[in-house]
Structure formats: C-alpha cells, structure tokens
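Take the given structure of chain W and dock chain B to it, following the hints.
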Amino acid sequence: MPKPSVHTAGGAVGTYLLLTLISLIMIVPFIWMISTSFKEPQSIFTYPPQWIPETFRFQNYIDVFRLIPFHRFYLNSAYIAVLVVLGTVFFASLAGYAFAKIPFKGRNVVFLVLLSAMMIPHEVTAIPMFLFMRQLGWIDTHLPLILLPIFGAGGVFGIFVMRQFFITVPTELEEAAMIDGCSRFRIYARIMLPIAKPGMATLTIFTFVTIWNEFFDPLIFINSRELMTLPLGLSLFTDEVGTAWQYLMSATVMATMPLLIVFFIAQRRFIEGVAMTGLKE
Amino acid sequence: MVLGFTLLLLFPMGLALYMSLTDWPLLGDHHFIGLNNYREIMVDQMFWRVLGNTVYFTAGLVPLNIVLALLLALLLSKSLRGIGVFRTAIFVPVMTSLVVWAIVWKLMYATESGLINQLLLMIGIKGPAWLYNQDLAMPAVIVTSVLKNVGLNMVLFIAAIQQVPRSLYEAAKLDGAGKQKTFFHVTLPMITPTVFLTVVMTVIGSLKVFGQIYVMTQGGPSNSTKVLVYYIWEKAFKLFQFGYASALAYVLFFIVMILTLLQWQLRKRWVFNEGDA
Chain W
31 MPKPSVHTAG GAVGTYLLLT LISLIMIVPF IWMISTSFKE PQSIFTYPPQ WIPETFRFQN
91 YIDVFRLIPF HRFYLNSAYI AVLVVLGTVF FASLAGYAFA KIPFKGRNVV FLVLLSAMMI
151 PHEVTAIPMF LFMRQLGWID THLPLILLPI FGAGGVFGIF VMRQFFITVP TELEEAAMID
211 GCSRFRIYAR IMLPIAKPGM ATLTIFTFVT IWNEFFDPLI FINSRELMTL PLGLSLFTDE
271 VGTAWQYLMS ATVMATMPLL IVFFIAQRRF IEGVAMTGLK E
Chain B
11 MVLGFTLLLL FPMGLALYMS LTDWPLLGDH HFIGLNNYRE IMVDQMFWRV LGNTVYFTAG
71 LVPLNIVLAL LLALLLSKSL RGIGVFRTAI FVPVMTSLVV WAIVWKLMYA TESGLINQLL
131 LMIGIKGPAW LYNQDLAMPA VIVTSVLKNV GLNMVLFIAA IQQVPRSLYE AAKLDGAGKQ
191 KTFFHVTLPM ITPTVFLTVV MTVIGSLKVF GQIYVMTQGG PSNSTKVLVY YIWEKAFKLF
251 QFGYASALAY VLFFIVMILT LLQWQLRKRW VFNEGDA
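From first to last, the protein sequence lines are chains W and B. FYI, in our numbering the residues of the first sequence are 31 to 311. FYI, in our numbering the residues of the second sequence are 11 to 287.
Extracted from the complex, chain W is given alone in its bound form (with noise of 0.2 Å):
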C-alpha cells in the first residue's frame, strides 16, 4: 500500500515529537519504579533528581520478602489467576457454544438477560455478595475471588467472547459431523474448540490480566494478610511501607513482571482483542 504523500518532511519530525513526549511521559513512572527500586534510602531524596542510582541495592528485592508476606500475595495472585483463567475459557467456550449454535426455547431472551446483566455496576451485586458470602463462611478465603469471576460479570463476558467465534463457524460443517455419527459434545471438542482457538486467546489474556489486577473484591473478602493478592498487599503496604519507597517500588516491579511479560508475548492479539470487542474492564 502506498505511503500517504502528504507529510512534509516538519510533520513528520512533528509527529515523532509528539508521539516521543507523549510516550516519555507513560514510560517514566515506569523507569522511575525500576530506578527508585535499586536505591539506598537515602538517595531517594537527593536533588537533583537521580535516574540511574550510584549504587544498585539488590538487596531491595529481597528485604520486600522479609518486611511483608510477598511470596504469599504473589502465589496467592497467581493460583487464582490461574483456575480462574481455566474456568472461565471452560465455562464460556460451552456456554458460548450453546449461544451460538444449539437452539433452545427463549436462547435470545436469556442472552440479552445475561448482556443486560453484565451492565449491573459490580458495587450494587458486591453488598449482598459479601453478605452471601459471609453467611457461607467464605469471607477471608480465596472462595469468592475464584467463583465470582467465572461466574459473575467475567464470565458472561467470557461467553459474549465465545459466542461470537462459535457463531462464524458455518452449520454446513456441524451437520456434516452429525450425519457422520458425531456426538453433540464431540462436535464442540473436536471442531469448534479448535476453530475457536483465536478467541480462546483472547478470553484467556483478557481474564488474566483482569484477575491480577483486580482489587475491590480482595478487599472486600479478604482479612488476612496471608491470603491477600498482589494489589490488595501492596495498597495496604503504602502506608505501612510507605516511607520506604525503595521497597515499595521493587515490590511493584515484580507484581508488574508477569503482566508485562504476558504483553510482549501476546501483544497483538490483545490490542486486537480490545479493538474487537471495544469492551473495557
């Protein structure tokens, strides 16, 4: 595809400028985190401000495990990360395919519910969620933070997502499979969930990023410090820690690692997702 002719040379240059003050001014939290989390204490505070620290004090990095329970937050982040990634792509790829393909009395009633659903503020369901919960015993366990998910608004996210792959698979291909003898269920395992990969993806990506973020709900159902997950440790650690930034900030860069990583590797398809689904957290 041909170049658009129109930039002057001092557009371009324009343009490169801008862009490079915009992204300097996203990226310097960032290099400050990683600067402020090698320096000793005391070089925090010297002016002027300095980028790369005299002496890098690794030792940060694991003073953080010594001062507050960070393994912890971060195996507990990353299990529930995990069952609820897995759950939720198990539950919405057979929901989604249910949507899409099986027809069933009231299907388009029931889903416009589910979407209208998802509109529900999640401040208004939290109160008599937490009420619920309590009143099962779950409150300060990881119970909430792994069922809500799968189950609650993410979740009918999830089957939106599905929904709309399954749907682009032709029916000529299902009943091809029938008269051949196939089983509902081995249609959905054998032929959609491969065709359906792309969306997999971006559910799974989507659902993780999500969950290692999320921070009300932690919150809200957890007590102990041993169960908290990496957001809910580190804000409560502001203040507690507060003053010591340097901490603070090694803390942050390792709770961002696994984000980062997931990013680099699955940058396309996630940018593509949010550009396909235009939905946000």
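Keep in mind that a hint or two might mislead.
Part of the chain W face toward chain B, derived, beta carbon under 8 Å [as the list claims (entries may be wrong)]:
no. : residue
1   : Met63
2   : Leu289
3   : Val304
Derived coverage of chain B by chain W (criterion: at least 3 residues anywhere in the stretch with Cβ under 8 Å from a Cβ of chain W; other residues may be distant) [stated by the list, open to error]:
no. : stretch
4   : 85-99
5   : 221-227
6   : 240-252
7   : 263-276
To list a few chain W residues with every Cβ distance to chain B over 10 Å, as calculated [what the hints assert, rightly or not]:
no. : residue
8   : Phe88
9   : His101
10  : Leu262
11  : Leu290
Hints in this document: simulated from the structure, not taken from any laboratory. Glycine is no exception: its CB is placed at the ideal position from the N, C-alpha and C atoms.
Structure of chain B alone, referenced to chain W:
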C-alpha cells in the same frame, strides 16, 4: 449454568434493592424502613459532596481522555516507521494494575522526593504538595487516570479509523480537501459510532472510579476527592451500614442505567447511519 448466572447477577440485584429499603447492620436484625434511606440520601450533605466530586472527576477525565486518545489514534494510524514502539508505550499502562500505577504516581507526586516537584525545582519552581492540597488533589488524580487508560480508547479509535474506506480519502483528495477538512468531513463522521461508544463507556467507568482514589488520597484532603463508590465502600465495608450503602449503590445504578439506555437509543441512529460496514 444460566441458573448460576441468574443466581450470581440478578438475585443479588434484587436483594440489593430490598436491602436499600432496610436498616441493615452487620449484626442483629434488619428492619424494613421503606424509602427512608433514599430520603436520607437527599439531605445527606456528604452525598452531594461526593456526587459533585464524582461529576468533577468525570467532567475532567472524559474530554481529556477522548481528545488525547483521538489525537494519538490519528497520529498512530499513519504508516510511520517505529510506530509499534509508540503504540506499546502508550498501551502498557492499560495493562498495568491500577493499584501499581496509582502507587507509582503517588511517588511521582510526593512533595519532597517526588519526581514532578524535583523536575519543577530544576526550573526554579517550588512544587506544591499535590495530593495534600484540596484544589490540586483531584486534578492530580484525573491526570493519573487519563494516562492510565487513554491507550484503551486509542486502540478502539485506531481500529475504527482503519475501517474507513480508502476510497473516501481518495475522493476527498480529488476534491482538494486539506488535512483538517478531511478529518472533520470524512474521518470523524465515519467513526462517530466508536466515539459515541467510547464516550459513554468512559463516562460510566469514571462514575465508578475507586481504586486510584483509595490508593492515592483515601478521599482526602478534607473529602475533596471522596467519590461516590468510595463513599459506598466506606458506608458498607467500613461502617457496615449495608442498607444505606445499598441505597447509594442503587443511585449509582440508576445513573449508569440512564446512560446505558441513552446509549442504546442513540446507538440505533448511529448504527443506521453506519450502514453495513
């Protein structure tokens, strides 16, 4: 499965409505008190304060976010060399945890050791205590929030801009339309559905702002950044006034619902204009 979803989404919705009509403490019995909670909300000074703050946040964030996102999308949908680097840079904060982002910005805003004030000092300005100043705390949080999420809208705009048929640009060029004219007469009209969608979604998102407030200011100084969801959280999970908090949450729900319905109504018109793209 559908039953499960109904149980987890619609049932709590109904229960919340009922709770909003009761006096519901953490321990002990609850009493049905009709619309009393809503009446109380109407005369609750703090409610109007937090509603005002929420509107302030939204009114500050949405135009900034949309204009910046649109501008970036226009710049980044050109085929320039190295464009991927810029897209990534602007998109990375979207991925980052809100809490992490807010913590890092809290450090950036710090009065003595904060990078912003240190940079200001280099040009001879003594920076203020951003997050401890009643007039500056909210703008500071708004800027942080815009930068966090602008990449999301940007990506949506890029996707929309790329779907505008090339032929329209060629026709505009033949007619001798300049850059500005092309933008206002070709690009913008073609992407209005997306603009509209993002505006509504961003407004709804802004009305529900919570995490960055919790981390950066805890609603302070002197309630200047206390927003609606923070107030709901405080009433429900700190003071355990579940009835009153539910009523507050329903007020939020009504506002969001009105916006959603508005979007639905208007969207029909947009979709019609869109034709079958």
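**Request:** Check each numbered hint against the structure and report the violated ones by number, ascending.
**Result:** Per hint list: 10 and 11 violated.
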